[in-house]
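**Q** First to last, the sequence lines map onto chains D and C.
Residue numbers are given in the numbering used here: position 333 of the first sequence equals residue 333, and the series is strictly consecutive.
Residues are numbered in the numbering used here as their position in the second sequence, beginning at 1, plus a constant of 479.
What the hints contain is simulated information worked out from the structure, not anything from laboratory work.
Quick reminder that beta carbons are idealized off the backbone N, C-alpha and C, glycines included.
Careful: at least some of the hints might be erroneous.
Stated by the list, open to error - Ranges of calculated distance between the beta carbons of each label pair, as one might list FRET restraints:
hint	chain 1	residue 1	chain 2	residue 2	range
1	C	Gln762	D	Arg191	43 to 53 Å
2	C	Lys552	D	Lys21	52 to 62 Å
3	D	Leu4	C	Gln683	29 to 39 Å
Unchecked claim - Straight-line alpha carbon distances no greater than 25 Å define the calculated SDA-like cross-link-like pairs of lysine to any residue that follow:
hint	chain 1	residue 1	chain 2	residue 2
4	C	Lys852	C	Pro1012
5	C	Lys1067	D	Asp440
6	C	Lys507	D	Phe161
7	C	Lys639	D	Glu431
8	C	Lys1067	D	Gly430
9	C	Lys1040	D	Met166
10	C	Lys503	D	Ser53
11	C	Lys503	D	Met166
12	C	Lys503	D	Gly430
As the list claims (entries may be wrong) - Part of the chain D face toward chain C, derived, beta carbon under 8 Å:
hint	residue
13	Leu8
14	Ile12
15	Leu16
16	Lys200
17	Val386
18	Ala393
19	Val453
20	Pro465
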Amino acid sequence: MLLLLLILIPIIAGILSFTVKGPGARTVALGGALASLAVAVPATLNSGAGPLSYDQAWIPMLGTRFSLYGDGMSTMLCLLVSIVFSVVLIVNNNKSLDRPNAFYGFIMLSQAGLMGVFLAYDALLFYFFWELALIPVYFLCSYWGGEKRITATFKFFVYTFVGSLMMLAGLIYLSMQTAGVNSYAWPDIVRAGASLSPDKQQWVFWLMFIAFAIKMPIFPFHTWQPDAYEQSPTPVTIILSALMVKMGLYAVLRWLLPVVPAGVDYWSHFVVILSVIGIVYASCLAIVQTDMKRLVAYSSIAHMGLMSAVAFSHSVIGTHGIMLQMFNHGITITGMWLIIGMVEQRWGTRNMTKLGGMATVAPRMAIAFVIISLASVALPLTNGFVGEFMMFAGLFGSADNGMMLMVIAGLGVILGAVYTLNMIQNTAYGEAAEGIKVADLSLNEYVGIAVIVGIILILGVYPKPLLDLTASVAGAIAK
Amino acid sequence: MSNYIYLIPMFPLIGFLINGIFWKSMPKSLGGIIGSAAVLASFVVALMVFFEVRTPEFHDKTVVLFDFISSGKLLVPFAFRVDALSALFLLIITGIGFLIHVYSTSYMHDDAGSVKYFSYLNLFVFFMLLLVLGANYLIMFIGWEGVGLCSYLLIGFWFKNRSYTDAGKKAFIMNRIGDLGFLVGMLLIFINFGTLSYTEFFGQLQPGHATLSPNTYNWIAICLFIGATGKSAQIPLYTWLPDAMAGPTPVSALIHAATMVTAGIYMIARSYALYDLAPLALQIVAVIGLATALFAATIAIKQYDIKKVLAYSTVSQLGFMFLALGTGSYTTAVFHVMTHAFFKALLFLGSGSVIHAMGGEQDIRKMGGLGKKMRVTQYTFLIGCLAISGIPGLSGFFSKDEILAHAFAKNPMFYAFGILAAMMTAFYMFRLYFLTFTGSFRGTEEQAHHLHESPAAMTLPLVVLAILSIVGGYVGLPEVMSEHNAIAEYLSPAVVNFGDFKLAGGTEWMLMGVSVVVSVIMIVVAWSVNKKPSFVANTGLAKVLENKWYVDELYDAVIVKPLRAVSEFADRIIERMGIDGVVNGVGKTVRWGGDRIRLLQTGQVGFYIFVMVVGMIALFSLSVFLVR
């Protein structure tokens, strides 16, 4: 029942938001987000003891059921979703927003979709939520986005829609292979996939992999991302980068690795190499960006590259590290975008060559920005470190050339320090421009940022709760 | 007391939190008092631990605080190791740390950010204590990167100046390069031995258990050493340290001379059981150390910035310590860490006193004759110079002499180059001394008027450190003078030297004599060259030395610029024209086709799918209520 609530609350909040006139829409959305957080916490705690589930007839003629499943990984991601939405809605208080009811309505529908993706235990339902999460984002980006929003949205749409269709084809094909009547239930899909010949598994692998690779994104399927991040309004950028990229990774872990094991075995080394190249490639690109959003976009591609490399490395420790990192990357990058959003709002630009002096004029913001940046470069005792260490350990021990792969991936750590410190230097340090007057964090911004920084430090020192929550899932996936 | 070992890092952490949280409202002097008191409290506990460790009943112990990582085979507790090695480092860090905090209360008093400064300094002490207290490599790594962070923050403390923040960034990035080596070494240990804990790892290295091929040990040892070259500023990763002098001078004394930069020596001494099995790695350590000792000393000869001379001197002295490690005399390296911490902290704080008096001036060409106005600074600085030059009776003599004697036993060539570096040390230190404190003043009228001895909060630490620089060496008397080398015996359960260093008594006296004679000669030479200084533009080799062998320029041309060029290429050509070109081509085709069939008009696509999704929701609701 908790699982159903996780999806229903944002849907209801979303529909309500549409109907509210004026600024009340944000309140409704925030209420919905906080309510889902209040449900996500007990759901996560309960799933520690054993997976939760919910099952309900849906569309019998298609053989699909409304069935949800919440193990440690799923509930952890739902918790992440509700934390991120709550923080975003606390911080985002744009009074001059055009049509706020639609804006917040779409935001909440997207949250419902995300929850559904992480909980669905039925392939068709999974696909349905996948689209439900994405479609509001098209609207949000194309209506409330930046100057080049139409081009960026179109590119994003083409990319993801192509992927979605391929995934749908793959899932339908798998369901046709299930024994007896068509079924989309996860266990049936897994059995059907495993029973396929290795050749056919490879075909299915590519159908599904492309969809997930675009979403994560894995090099070279990534070019929609910097544009989409750059053009979206900050809350949408956060939804995209903190949460939607996790859809791709989650889908790999739940709907690809166990489903077509032979296909994965055949192609995994290729994917690992592609991902490792992507780490270095995206890090290099991040170095030469001058727009803060594009810089963080590329850094995110690099971080996701490490996660995808490890996902295909069949390592228990590495997969366990991914679990940790999925959560922590979401938290850290949310903080990063929030700060960038504030910078843009106050200074009127994201161009780092024109910024500087934040530490003088807005010291609290600068301190938070530095802490978040340090988490992003995985400094020990911030939340980024343990997961990254475990992933490196996983990659290192995964193959004969594991050491080489790890060292190349490790270059990302050095390059990450280069571009992240450049960003701090160009924005936080230096002299503030003549006559510039900016406010430091307002109360609601302070609360949101404090939550992010608090999680960064607590999980950095004591990651055990998340590790315990996801240990058995990681073991089952990487076995 | 050792059961309460967590108190030692806890005090500075609390100090950091108090000053860090209330930095805006905290009165400046209170910030300094809190910061200093926190480190003093740690020092008191560290003293108690030290005396407990010295008792015969004491057994090395591991104190577990909580589970840090537990994932399958990877079990890493957040645990501290109490033994002779960590207890000694605790004393050095908190003892010298306290003196430098006290000094800072005066030195930083007029700075607007002084509370923030003390919070960073406390945070540094916290991480440094974690580094030496950790019971496994991961905790050491936490401290390792943590001190790097504080170093970065403190180098760029005056963050409005771009060249200072550049220096901080350079330090962080170069350390990260080394850290990747550390990380790989750590993973190699984990993959091969299934543990990161010192006791479990070293247990598997005991004779009879060490069954892996020597290559494995060499690789691990080399990777860890790469980490050490970053943190301890050795070739090729040393160039950040001289730039790090951008930070406040007490920071240079504490972080970039006495403590943090010796982390690499601590790491190797801690892992001595591994290095015993890795002869190739030891050889590399010795050669790199010796090369760095020589190379940095040549640069120091031609520097004009008082702190830069001391910075290169630090790099050079760290090289000596690695030479000691590379010859297997780990305890000697630790001994030199200790004496160097005394006299180098003294020299840096002395230079801070000078800079303070000169109103921020650091160029020794504009100094001279300062001794007349600041006697305490002059005499304590002189003691520091005598100690580092290896004049008998002072601490540096004993530790440096031990290094050279052991180098001779290993390989006379090591000794010969070591003596050469020691000669240059005596020369550049006394060049610095004579140019700064003797002769006539070469600065401006205003500066001459301003010259004054520093207040007691600054001179008192100088005096204490000067005393330590004199007496600190008597814990490690050479064999010919005493049968007991106190420090080696003290360290012996935790760190044991590799091999035997029996030298004939006569040989040892002779080696000692040679190094003393050359040092004295070089001091005289330094005096005669610099008694009436004239500064002309350098040419030839001198110019190359003044420009630090152009290594920064070399790195810039070979690494920095190509990296940027490659990245620009990737951005402009591969990303925008290559991948995006293809994607946009596909996109345009789709749009063109869409326009034809009048369905795919931008914006409407989403709408149709949205209708579809709403339909699916309706279908679901129906099924919930009707189907059952």
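**Q** Each hint needs a verdict: does it hold in this structure or not?
**A** Evaluation of the provided hints:
1. C/Gln762 to D/Arg191: 43 to 53 Å: violated, 59 Å
2. C/Lys552 to D/Lys21: 52 to 62 Å: Between C/Lys552 and D/Lys21, where Cβ atoms are some 59 Å apart, the hint holds.
3. D/Leu4 to C/Gln683: 29 to 39 Å: violated, 52 Å
4. C/Lys852 to C/Pro1012: holds, 20 Å
5. C/Lys1067 to D/Asp440: violated, 44 Å
6. C/Lys507 to D/Phe161: violated, 60 Å
7. C/Lys639 to D/Glu431: Measuring from Cα to Cα gives roughly 5 Å; hence the hint holds.
8. C/Lys1067 to D/Gly430: Violated - the C-alpha atoms of D/Gly430 and C/Lys1067 are around 44 Å apart, more than 25 Å.
9. C/Lys1040 to D/Met166: violated, 43 Å
10. C/Lys503 to D/Ser53: violated, 51 Å
11. C/Lys503 to D/Met166: violated, 57 Å
12. C/Lys503 to D/Gly430: holds, 20 Å
13. Leu8: violated, 11 Å
14. Ile12: violated, 12 Å
15. Leu16: violated, 15 Å
16. Lys200: Because about 27 Å separates D/Lys200 from the closest Cβ in chain C, which is outside the 8 Å limit, the hint is violated.
17. Val386: holds, 6 Å
18. Ala393: Cβ of D/Ala393 sits 6 Å from chain C, so the hint holds.
19. Val453: violated, 12 Å
20. Pro465: violated, 11 Å
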